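For reference, the chains in residue letters:
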Amino acid sequence: QQQVKQSPQSLIVQKGGISIINCAYENTAFDYFPWYQQFPGKGPALLIAIRPDVSEKKEGRFTISFNKSAKQFSLHIMDSQPGDSATYFCAASGGSGGYNKLIFGAGTRLAVHP
Amino acid sequence: KAGVTQTPRYLIKTRGQQVTLSCSPISGHRSVSWYQQTPGQGLQFLFEYFSETQRNKGNFPGRFSGRQFSNSRSEMNVSTLELGDSALYLCASSLAGGQGSPLHFGNGTRLTVT
Numbered sequence: 001q002q003q004v005k006q007s008p009q010s011l012i013v014q015k016g017g018i019s020i021i022n023c024a025y026e027n028t029a030f031d032y033f034p035w036y037q038q039f040p041g042k043g044p045a046l047l048i049a050i051r052p053d054v055s056e057k058k059e060g061r062f063t064i065s066f067n068k069s070a071k072q073f074s075l076h077i078m079d080s081q082p083g084d085s086a087t088y089f090c091a092a093s094g095g096s097g098g099y100n101k102l103i104f105g106a107g108t109r110l111a112v113h114p
Numbered sequence: 001k002a003g004v005t006q007t008p009r010y011l012i013k014t015r016g017q018q019v020t021l022s023c024s025p026i027s028g029h030r031s032v033s034w035y036q037q038t039p040g041q042g043l044q045f046l047f048e049y050f051s052e053t054q055r056n057k058g059n060f061p062g063r064f065s066g067r068q069f070s071n072s073r074s075e076m077n078v079s080t081l082e083l084g085d086s087a088l089y090l091c092a093s094s095l096a097g098g099q100g101s102p103l104h105f106g107n108g109t110r111l112t113v114t
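Chains as they are written, first to last, in the numbering used here: chain A, 1 to 114; chain B, 1 to 114.
Check the hints yourself; a few may be wrong.
[To be verified] For lysine-lysine, the following DSS-like pairs were computed, each having C-alpha atoms within a straight-line distance of at most 27 Å: (1) A:Lys-68 / A:Lys-58; (2) A:Lys-42 / B:Lys-13; (3) A:Lys-42 / A:Lys-68; (4) A:Lys-5 / A:Lys-57; (5) A:Lys-58 / A:Lys-42; (6) B:Lys-1 / A:Lys-5; (7) A:Lys-15 / A:Lys-68; (8) A:Lys-57 / A:Lys-68; (9) A:Lys-71 / B:Lys-57; (10) A:Lys-42 / A:Lys-57; (11) B:Lys-57 / A:Lys-57; (12) B:Lys-13 / A:Lys-58; (13) A:Lys-5 / A:Lys-71; (14) A:Lys-42 / B:Lys-1; (15) B:Lys-57 / B:Lys-13.
Calculated directly from the structure, the hints in this document are not laboratory data. This one's a predicted model, so the numbers in the text were calculated from it and none came from an experiment.
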């Protein structure tokens, strides 16, 4: 019940295209859903986060869509750029686990080709 | 503002030894969490400290321990190292650990056990 399932494992997108990464969770007590971006040799960096009372949140080229009934959320990267090439992790937390006990998805390796 | 600082960046130890990793959180942040990142298991929560007290713990054996000092700096210790402990150990800090207090990660300590 603690799992967060992330897909796809890897993604190749052309420059200017839309990158879409999907996640599903099981624990209905989760109420905080962040996305992190990680470059080689660096720690994960927070991109954007959403709470279940909102169905969509947009920050620049990054948008999270949230479907509470389906227990799914996704990250859309509009106008993808080569500099977006990185590994992306979705995560979830909340409930009895506390907000800093993030349950991470397995990650998606994104490659944006010029 | 300086980010989360972890030392050392790289460490090579032998099976059976013990190791101590250090983390300095962002100034003003009182919560420090530790995560283990491996290719096989992904990002997994180890424990969280707040005001020098362990507030949350993941599913790791007792060989993994940590502590937090009065200045919020934290250390984690792994005793009787095993080959499977080879991983990137990430420290993350937040203001207080609530929903509106996102986690900021350091760049990690890469531990290799031979």
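Can you list which hints this structure breaks, lowest number first?
-> Per hint list: 3, 6, 7, 11, 12 violated.
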